[in-house]
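J.: Residues per chain, in single letters:
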Amino acid sequence: MNETILTIQNLSVSFKMGTRITKAVEKVDLVLKKGETLALVGESGSGKTVTAMSILRLLPQSAIYPSGTIEFGQKNCLTISDEEIRKIRGNKVGIIFQQPMTSLNPLHRIGKQLKESIFLHQHTSNSAADERALLWLKRVGLKNPLNKLSSFPHQLSGGERQRVMIAMALINEPDILIADEPTTALDVTVQAQILDLIRDLQDEMGMAILFITHDLTIVRRIADRVTVMKDGRIVETDLPETLFNAPAHTYTRLLIDSEPKGGPDPANEEDAILVKVEHLKVWFPIQKGILRKTVDHVKAVDDISFTIKKGHTLGIVGESGSGKSTTGFAILKLNNSQGEIILGDNNLNDMDKNQIRQLRKRMQIIFQDPFGSLNPRMSVSQIIGEGLNVHYPGLTPDQEENEIITVMEKVGLDPETRQRYPNEFSGGQHQRIAIARALILKPEFMVLDEPTSSLDRSVQFQVLELLKKLQKEFRLTYIFISHDLKVVKSLCHDIVVMKDGVIVEAGDSDKIFSHPEHDYTRQLIATAFQDQPS
Amino acid sequence: MPKINLTKINRERWNRFRANKRGYISLYLFGFLFFITLFSELIANDKPLLIYYDASFYCPLVKEYAETQFGGEFEAPADYKDPYVIKLINEKGWMITPLIPFSYNTINYYLEGPAPSPPSRTNWLGTDDRGRDVMARLLYGFRISVLFGLTLTLCSSAIGIMAGAVQGYYGGSIDIFGQRFIEIWSSLPTLFLLIILSSVVQPNFWWLLGITLMFGWMSLVGVVRAEFLRGRNFEYVTAAKALGLSDAKIIFRHVLPNAMVASITFMPFILGGSITTLTSLDFLGFGLPVGSPSLGELLAQGKANMQAPWLGLSAFILLSLMFSLLVFIGEGVRDAFDPRKVY
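Protein chains in written order, with numbering that gives the first Met the number 0: chain A, 0 to 533; chain B, 0 to 342.
Honestly, the hints are just simulated from the structure, not real lab data. All values derive from a computational prediction rather than experimental measurement. Using N, Cα and C, we set each Cβ at its ideal position, and we do this for glycine too. Hints may be right or wrong, so weigh each one.
As the list claims (entries may be wrong) - If you want the footprint, here are the derived chain B segments under chain A, 3+ residues with CB under 8 Å:
| # | segment |
| --- | --- |
| 1 | 167 to 179 |
| 2 | 300 to 314 |
To be verified - Counterexamples of contact, computed for chain B against chain A with all Cβ distances above 10 Å:
| # | residue |
| --- | --- |
| 3 | R15 |
| 4 | Y27 |
| 5 | F31 |
| 6 | D53 |
| 7 | E63 |
| 8 | A75 |
| 9 | K91 |
| 10 | L146 |
| 11 | C154 |
| 12 | L242 |
| 13 | G243 |
| 14 | L244 |
| 15 | G271 |
| 16 | V289 |
| 17 | L317 |
| 18 | L320 |
Can you make the complete structure from the sequences, with help from the hints?
T.: Structure follows, in structure tokens:
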């Protein structure tokens, strides 16, 4: 059990762009023992993925290794030939990536992709490989494995694809499994299943796991030892119990303490209704034949109704594919829908394009991916000021500048940085820029589409606090779309739980969290809060 | 301002381009050749650059002078290659002749043998079958080819990018009909149309440009359309829609810059293709009007006069040099726009 199989000593990794060198990892020491799970924790940009990728030398050509050794099986992975490293990849060391959607080749059947990794490292007959692939699909718990063998990746759900990825990584029975945030892109309930699966397979096969994550909940569940990284360096390494109970380093403490807590600021029940949605339907037609006759519909959102009072936050909760984002988009008229959407006293579905355009300053949206929602070619002040030109065309450049500076101060950005470009800011700051862009139009109503889910926990916390502060100050009304119930609990007054395009449960936030009535809600709450002593 | 960021990204691209020695040198060489040929009139001309005669200056490049001005007998424009005129001028002054004393259409009447005559002291690369200086024709021919290519590239790229942008951004029926139209349009035989046209009108530079443009603007549509199909789903595009921006603004400010990288990468190759088009039309005799300095026509002469290899060889060498340079530049640009490329 205590036999060491991987030793990383004094590893530094840098990226070279012309004459500019960016340090990504500095003097990292790691030891991985047989059969254990080492969790590598840190926020994005802390160098955890770079460290793991350098084990298999999977980094782009621009990576250089100024110092260090990675010893695996009496060999230094950094200096052996390409031929030898290929023998290790996928054979001795398997790897699972974060994005199950893009790590499988969409053009090949699952069976072929599985067999490919068998043929690469072993000489077996086609039928033996078939059998083996089938066996592994069973082992990773896929239903109807024989059928899945001849399916294409797009026919599988996210969780199923991640199971296939795990099967691919383990099919050659490696000594080490590198799991790079394997559950981040998955829904909470699926996350739990995948973690259990990895655990079970480890018990069965006794491989060592290097588990990269930023989610401390997962660490608690799965890790034997935890290593915390920050800015390319290792901050501390310890057993999870010691680490969580008595973190030695301030950074670790910050990570642990930044779980969202508390509830929303109390709102007045007598407030007037601002947004009213009646029988909202978003149906995407399925067209067949040459004449494109509509044969059926994908009912992304099917007949839902709810109201939001001014100054309140409505949380829309559900897993991916439940139609929660589609609902948010439909309310803002960013996609077509049927039914009534009433904002104040305007029915949005009765208005034409230009009338909607006039109304846009009253309703705004914050997206999930903060960086993706900012045009990388525009400076921050251009991004924030863009809407001003449309809705307040009478402003002089000086007034515009003043507005931008004011709003940047409101969202906690340094106005001095307004001439910089998005890539010079961090994830949390990106989200602040996006909030500033919406806020400058003085909206009454904002749709927040998973605004924190791609942020690190500690930053999430800050963004949520900011959203609460702004709500209080401007009496903003929010629709908060999320799959993260912890976050929802800390922000929302009312909750709507969606599944497959319909509302399964709706009501007061406290009531739903304390007495969930629907099975699905109960399941969601159970998975989200299972690690917390309540 | 966007320029600051652009210069930052572009500086990196420029550095990457410069790191590719072959492309960088090719760009300089091509630029140098093009710059030189822009001043062909000063390098290869049958008129002197400057005449000093009887205490006053004459500039025959700008103004036409009659022979009588220099004490001759005819009212006709002075022929500065005529030994008699040269003698007249030199008696009362001097004149500066260009490096190559022939224009592209000057016929050298004082050849020692029958045209085409081999390279000699006066005609460095020999003369063609009508006694015109090959060197001068190469200079002018290079210029007209590149100018034609550049104009065609810019115009066809502009049209192609617009068409691709509209199709990709709006999608749906605009896209379907646009694509089908392009498929039908691109299958029309350009060459036959040109042949028919040349029997109706005398095709000149602009006619040719118009026709080749009509059938050549499709090259960038596919790339730009694909970029727009991808780009219109970006979150910052949705964000711009949510802000209430107009479609035109979204297209130009938010989506088009993404398509520009792919377009610019293609441009050196489109330029090469445009030049080839002109050359082949000239070679077939459906190109520029008779007498124009064209590389294709020189090639055709080389083919017709196998006993005079300097004709075909010089046209061949110039063309292959030009295309090699363009391909090298294109490779350099392509690598420069690839952010993963290590330099």
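J.: Work down the list of hints and note, for each, if the structure agrees.
T.: Verification of the hints:
no., hint, verdict
1, 167 to 179, "violated (count 0)"
2, 300 to 314, "violated (count 0)"
3, R15, "violated (8 Å)"
4, Y27, "holds (20 Å)"
5, F31, "holds (26 Å)"
6, D53, "holds (63 Å)"
7, E63, "holds (54 Å)"
8, A75, "holds (62 Å)"
9, K91, "holds (64 Å)"
10, L146, "holds (32 Å)"
11, C154, "holds (26 Å)"
12, L242, "violated (4 Å)"
13, G243, "violated (4 Å)"
14, L244, "violated (6 Å)"
15, G271, "holds (29 Å)"
16, V289, "holds (50 Å)"
17, L317, "holds (36 Å)"
18, L320, "holds (31 Å)"
Violated hints, listed in ascending order, are 1, 2, 3, 12, 13 and 14; each of the other numbered hints is respected by the structure.
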